[in-house]
Amino acid sequence: MKRETDYGNPIKMFYGPQDIEGLDYERDLADPGIYPYTRGYYPKGYRGRLWTQRMTAGLGSSIETNKVLKKYRKMGERGGMCVICDRTFAMPIDADHPIGRKEAGVLGWPGGSLLEFEELMDGIPMTGQSVTLLSTCGSAPLQLAYIVAYAEKNGVDLSEIHGAAMSYPFANCFGQSDCQPLDLNVKLFLDSSEYAIRNKIKMRSTIISQHFREAGANNAQALAVEMAMLNQLCGLLVNERGLDFDDVAMLPYELVSIGTRFFEEIAKIRAFRRMWAKLAKEKFKAKKDRSCQMVIAVHTSGRTMTYQQPLNNIVRATIQTLAGAIGGCSAIDNATMDNAHAEPSALAARMSLNTQHIVADETGVTDVVDPMAGSYFVEYLTNKVEEEAYKIWNRIEEMGGMIAAVESGYIKDMVEEAMRERHREVESGDRVIIGVNKLVIPPEEDFEIPIQEVKPEDSEKIARRMEEWKKTRNMGLIKECLSQLYEDSGKDDKYNLMPSIIEAVKAYATAAEVVGVIRKARGLSYDPFNMIECPFNFD
Amino acid sequence: MEKRKPIKVIVSMIGLDDHSVGGVVVSSILRNAGIEVVYLGTYQMPAMIVQAAIQEDVDVIGISSHASNYAQIEEVIDLLRKNKMDHVLVICGGTIPKKQIAMLKEKGVTEVFTPQTSSESIVNYIVSNVRRAN
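Chains as they are written, first to last, in our numbering: chain A, 1 to 539; chain B, 540 to 673.
Okay, chain B solo, but in the shape it has when bound (with noise of 0.2 Å):
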């Protein structure tokens, strides 16, 4: 039987966000439960994020956000419909005001964690709701 590749998830930040602390400890988490992390670093815009996601074929992006570019999470979202990868996940993490937590799923986020979420949530949300494309 093949071997399962391992889950694949791109942590970024987004726009001219470069606060990146967020991004380096997630992406430590996630390397340490076995998952694969492709780190874009600061300074990526929503088309260069989903240019990645396409070329290194991952199961999940999570954008690491300090303050209100939220306009770009949903540009990512919209170019994913607009490649059809629409099974990548988009989960987000940081600084996020409640009001705009509620407006990010409706667009499409599947999650959102807050400052402080325990290591252990990050992964198991993302071992349990990955999907993968057929």
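So that you can see chain A by itself, here it is in the shape it has in the complex (with noise of 0.2 Å):
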């Protein structure tokens, strides 16, 4: 068995003072709420506000997920909800396109429309939670139009509205995708981000480091490639859309997966929470304080959720978990036990929001902030994490940013260089998997859990919905819409589609109509897969 970090960094049989030589307590850590808050940003820290303890819900319709969600509320959901998109969403095609209407409803929400929010949040508070859709670059700007049209027809208050509804543009290359270029997925997450941004809307954009380091990438890698996305990201908010810093701050979270290197998964968190603070401080020259803290989302890490003996799995989200907490995170959501076999089921919902209340309300670990600091180990693995990062980072920049590293291949080279390790380190019984190449018992054996079931005709049902309700729409208020959308986006880059979307999104025009008509003007299929003819005629 490997004695080393997941970045491959040898660990010793002990730690003392001698590996944290010239570590300065006020400049490297500080007391939690201060500079450069490796120990978090709260005196109080969980005393004060306890993390979002969500469940990611979406699967099937609308409607299912609304009463999925409903449920998740009454099994012990506090602070905030979150839905993740369905494999049509995330291109985005609608669900009546005829590769949509195999997969409509896969994997999460189908929200190709306003109509499909509407069922998604009825008798749902929209303030006094957060909430938080995940999808793609591609989906992102339906996602907050969705928030704006429903504020308004339903006379809520959008300052009130707090979460995220938008995305960063690099998913594409972690495999975790929508099918859009990447000039086009830069352009919609800025023209959403800086929308938002001044209209003072409290909606976030996930930074997901999370994505990356499932595909494979160890943690010096998601580091280093989560600060350069930040970097470029702000950068360009910044400079191209001429957004004050302070105002950019306030909108990316970052996403980071968990996993079960309990010691090193802590270290991470502390040593982004320094990393962004610098970045923050002494590049972008924040004023404010609340510009250094990002705020830090967990998803417990999926891939470590192995087929076998799928109970074990809840061990490893408990392990997760704590970890989570300890490194002080705002909100955490679980990879499930069953997460190597489908969707979560009702079963592995409970279990995994009841391991966050056992670890909440059991362990004491909201008594205290940051308990770790001051530990030898985990002070030199906060170091190392970041040194190691920054060498990564370092290289990303001098290849001109993270666009540049991406358009070049080494991005995609280094996450699948890290998918193959990660396999052979399994496979030569280096990293121990139990279950897996420990303690292996025959499949006959293997313990029996509920399977949530997803049938093909659920995607048709959804798909004929989409259909049939696609005609009973005033066509000619949406074709208006689209026309100036078609017309905005023949402009400068820089011009934002953002009110032509939201005009669009009223007059429930559909994500693959909006997306579409972007990319007919910008000289691209109407449909990404060439399988559909534009419905509109703009000459």
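For the record, the hints were derived by calculation from the structure and aren't laboratory data. As the structure is a computational prediction, the values presented were derived from the model and not from experiment. Be careful, since some hints might not be right.
[What the hints assert, rightly or not] List time: in silico DSSO-like cross-link candidates among lysine-lysine, alpha-carbon distance up to 27 Å:
| no. | chain 1 | residue 1 | chain 2 | residue 2 |
| --- | --- | --- | --- | --- |
| 1 | A | 438 | B | 638 |
| 2 | B | 544 | A | 67 |
| 3 | B | 623 | B | 544 |
| 4 | A | 438 | B | 544 |
| 5 | B | 638 | A | 461 |
| 6 | B | 544 | A | 455 |
| 7 | B | 637 | A | 461 |
| 8 | B | 646 | A | 461 |
Join these two chains into a complex; the hints should help.
Structure below.
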């Protein structure tokens, strides 16, 4: 068995003062609430506010997802709700697209129009909890438009709504994606983010190192890519869109993946707080303290959830949740015990939320802020992962930043090599996974757990509903709105498309129609899969 | 005597499935074992996969699957039959529930490899089961 960190740094038998030589408490750690925030942002820690305990929902139709959301609230979800998009909305294509009708409602919520959002949120409060909609860059402007349109139609004060609706533009190289080209995604990211910032809408953008890590990257790589993404995206909003950094800093929140390498995961979160604080203050010259405090949400690692002996995964999620809590994150949602089999069953969801409550209420972890501080080992690991991450991040910056590194193939090669290395380590036994390469049992003796089923006819049903509903819309109005969007899309790249997207969404144009029209104006095919023609003529 | 051509395998995701880790890793495993791999990547529809199988004259189609578009895997098998390509083995790998495994095998998928299957067993399966068209 290997005795080294997941980024290949040897681990000694014990650690002492010599391993953190030069560590200066005030400069490198400081009390919670004080720059560089290694120990967290709040002196009261979880006594002031517990982390948001949530469970990601999204499967089948919007009405079914709404029922699940309500159930999760009863099961102990606290502080916020989280919905993930299905494969059609991720692209986005419509549910009644020839491919869409086979995949609508698969892996998430089919949020192809404002109608779907209205059904999703029926009877669920938009305020008093965070509303997080996870999707891709291609569908993110639609989600922001849903929030704006829904608030207006239902008389909800938009300034009271908070959460996240936008997404980062790099998912396509991390195996979690839409099918839009990078330049369009960057534009959609900048447009939606700029619109939210200028209009003081408290909807954040999810910047996700979790995808990168779940694809196989190690902690140092994940941290480096996280920083490179933040640096470039904030830089674009400041330099290209002329926004003030202290406003821009309120936009991103970081979704990190937490695995089972307990101490390393805690160190990673602590290092990340320090790295962001330094970037915000030293490079972007942040004027406000809050701008140096990156909100960190945790998704415990789906990759570590094994197919074999799925009950073992509850134990893994517990360790990971505890690491996230000790690390001092703002929100946690857990991968579930059935993660390697299917979407969460009701039992798996309940266990996942129970896990969070047990960690929060029974362990004492909420009593003290940053309890690992001063541990020779954890401080060493915090320094080490930061040092290794800086090396990789510097390489990315030398290439010209994250966009250039993606375009050159550097990021893709890095993650693919990491995937292969991961596999080699498990196969050789260098990394032990119980039930996989140790204490293996024959498949016929394996634990039986309930499996959430999805049937092909469920997707077809969602598709047919959309097909019929589309015929009932005011096509004159939709055409008018989309003509405006088409015209705007032909303007300079800095021309913000959100106002015309919002008008189109209010008229119940679908996600595929909105993004299709933007694509067409940019000289791309209306349908990313070239299977359907643009139903509108703008000449 | 004519040298036997190496076994040729398509590795592909299907439909809108973009979880590519399994496909990337399995491609490396097969290449290291001397098997020729045609890696199609993501967003491959059943007709595209079968078209590639015809063009590349492959022995095996390997579908890496993450969640619930199994009907499309069945379409691949139907299309192979229509094109008289029954000799091509269709194998799958990924996070596929047990019940689905039975259904896929009934439909004609010859083997399904669940997560963490050893490299050796995937390679051995392909080498011992490949059917050459005459």
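Each hint, compared with the structure:
{"no.": "1", "hint": "A:438 with B:638", "verdict": "holds, 26 Å"}
{"no.": "2", "hint": "B:544 with A:67", "verdict": "violated, 56 Å"}
{"no.": "3", "hint": "B:623 with B:544", "verdict": "holds, 21 Å"}
{"no.": "4", "hint": "A:438 with B:544", "verdict": "violated, 38 Å"}
{"no.": "5", "hint": "B:638 with A:461", "verdict": "holds, 22 Å"}
{"no.": "6", "hint": "B:544 with A:455", "verdict": "violated, 41 Å"}
{"no.": "7", "hint": "B:637 with A:461", "verdict": "holds, 25 Å"}
{"no.": "8", "hint": "B:646 with A:461", "verdict": "holds, 23 Å"}
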